[in-house]
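Chemist: If you want the building blocks of each chain, they are given just below.
2 protein chains.
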Amino acid sequence: MNFSSRLLENAVNEFSKLPGIGQKTALRLVLHLLNQQADDVNRFSESILKLKKEIQYCKICGNISDADTCSVCQAPKRDKSLICLVEDTRDVMAIENTNQYNGVYHVLGGLISPMDGIGPSQLNIGALVDRVREGTVQEVILALSATMEGDTTIFYIYKKLKDFPIKVSTIARGIAFGGEIEYADEITLARSIATRVPYGV
Amino acid sequence: MNFSSRLLENAVNEFSKLPGIGQKTALRLVLHLLNQQADDVNRFSESILKLKKEIQYCKICGNISDADTCSVCQAPKRDKSLICLVEDTRDVMAIENTNQYNGVYHVLGGLISPMDGIGPSQLNIGALVDRVREGTVQEVILALSATMEGDTTIFYIYKKLKDFPIKVSTIARGIAFGGEIEYADEITLARSIATRVPYGV
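Protein chains in written order, with our numbering: chain X, 135 to 335; chain Z, 135 to 335.
Hints may be right or wrong, so weigh each one.
[Unchecked claim] Pairwise CB distance ranges (calculated): (1) Met135(X) x Glu273(Z): 23 to 29 Å; (2) Gln170(Z) x Arg212(X): 29 to 35 Å; (3) Ala318(Z) x Arg177(X): 41 to 47 Å; (4) Ala324(X) x Ile327(Z): 56 to 62 Å; (5) Ile305(X) x Tyr191(Z): 54 to 60 Å; (6) Glu316(X) x Phe311(Z): 39 to 45 Å; (7) Met135(X) x Glu314(Z): 27 to 33 Å; (8) Glu314(Z) x Ser279(X): 39 to 45 Å; (9) Lys187(X) x Asn236(Z): 21 to 27 Å; (10) Arg307(Z) x Met135(X): 24 to 30 Å.
[Said to hold, decoys possible] Examples of chain Z residues lying across from chain X (beta carbon under 7 Å, computed): (11) Ser138; (12) Arg140; (13) Leu141; (14) Pro153; (15) His166; (16) Leu167; (17) Phe178; (18) Ile182; (19) Leu183; (20) Leu185; (21) Lys186; (22) Ile189; (23) Met227; (24) Glu230; (25) Asn231; (26) Gly260.
Just so you know, these hints were derived from the structure itself, not from any lab.
Built from N, CA and C at the ideal position, the CB exists for glycine as well.
Next comes chain X alone, as it looks inside the complex:
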């Protein structure tokens, strides 16, 4: 692109480093911000700086938090014997939005992915094993994505946990509600038959 200004080019380059944002979209975003009041631009810029500077990770579960312990781990009503293992804070938000889960979480911070150079040591796995060893936990639900990386991570963590006297489960895979059987992929369909549940449960 043929920028009339170095400052503009620089801002567009920074924005186009964001995932899913190409140069044209970056330019649109930057010009939009440029048209806003100085106060609004400051507030935008501050919000991300402040987040980066002040954010904490819950010392128990590793989730993003404003304090050193997150609101879920602090809540007395949550069942501390049930841990749901998730990849990141987006998964926590998705599960919280269902309003159906009353246990606590453990946030891995990623998945094992040799292609991206992410090994088990970079993930929040040691802390999970420590929580289980401590004795309160009765079940760990492995709620990771059904991808190659997710399956590898599940397998690795299962090996770490299998000698403790706890239940280790994974979330059910199957046809989504509203999903049509004829369009389901073979693996999902086969698995949904193999793991069928009694009617009415």
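Based on the hints, put chain Z in the right spot on chain X.
Modeler: Same frame as chain X, now just chain Z:
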């Protein structure tokens, strides 16, 4: 959405004010930035603050510029008698990318749009009339979008310019290169026949 952190929520809200960015995308962008090094986040944040603080608008054509006169208006080789009127800096960039235009520009900074409360007085129209009155200009090309707002603006500016001894033209409307006639809308197709050009021109 059910945020585990006020800081995160705040940053996501700021990002979702950007055009075309919903809450889910905003969350993805913010979490991506949170995973970057502090230096990178600072650089991102600085780039937009610095742009807002230091950017200038060319005192001749109104385009975004690092100095008080933009590089196009400064270039001795550009034909100062030919002005191409555009809506914003993106249009300047698009036309510059063609490498076919040797005149200068005039950037309006928007289109007349009563629905959005934008009247002629908020646009860079007075400066255009002053440039024309000054005497060097021989032709103004109205290169505005073929929308309701674009047409209104073209009509308004044409009235302002029609008493000066200059040519006022608009860019050609027609079937794009690679465009198929059967899929063209009726107005474009009718107009492309009415304004047909001799073969070989």
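Chemist: For every hint, state whether the structure bears it out.
Modeler: Do the hints match the structure? See the list:
no.: 1; hint: Met135(X) x Glu273(Z): 23 to 29 Å; in the structure: holds (27 Å)
no.: 2; hint: Gln170(Z) x Arg212(X): 29 to 35 Å; in the structure: holds (31 Å)
no.: 3; hint: Ala318(Z) x Arg177(X): 41 to 47 Å; in the structure: holds (45 Å)
no.: 4; hint: Ala324(X) x Ile327(Z): 56 to 62 Å; in the structure: holds (59 Å)
no.: 5; hint: Ile305(X) x Tyr191(Z): 54 to 60 Å; in the structure: holds (55 Å)
no.: 6; hint: Glu316(X) x Phe311(Z): 39 to 45 Å; in the structure: holds (42 Å)
no.: 7; hint: Met135(X) x Glu314(Z): 27 to 33 Å; in the structure: holds (29 Å)
no.: 8; hint: Glu314(Z) x Ser279(X): 39 to 45 Å; in the structure: holds (42 Å)
no.: 9; hint: Lys187(X) x Asn236(Z): 21 to 27 Å; in the structure: violated (49 Å)
no.: 10; hint: Arg307(Z) x Met135(X): 24 to 30 Å; in the structure: holds (25 Å)
no.: 11; hint: Ser138; in the structure: holds (5 Å)
no.: 12; hint: Arg140; in the structure: holds (5 Å)
no.: 13; hint: Leu141; in the structure: holds (5 Å)
no.: 14; hint: Pro153; in the structure: holds (5 Å)
no.: 15; hint: His166; in the structure: holds (5 Å)
no.: 16; hint: Leu167; in the structure: holds (6 Å)
no.: 17; hint: Phe178; in the structure: holds (5 Å)
no.: 18; hint: Ile182; in the structure: holds (5 Å)
no.: 19; hint: Leu183; in the structure: holds (5 Å)
no.: 20; hint: Leu185; in the structure: holds (4 Å)
no.: 21; hint: Lys186; in the structure: holds (4 Å)
no.: 22; hint: Ile189; in the structure: holds (6 Å)
no.: 23; hint: Met227; in the structure: holds (5 Å)
no.: 24; hint: Glu230; in the structure: holds (4 Å)
no.: 25; hint: Asn231; in the structure: holds (5 Å)
no.: 26; hint: Gly260; in the structure: violated (20 Å)
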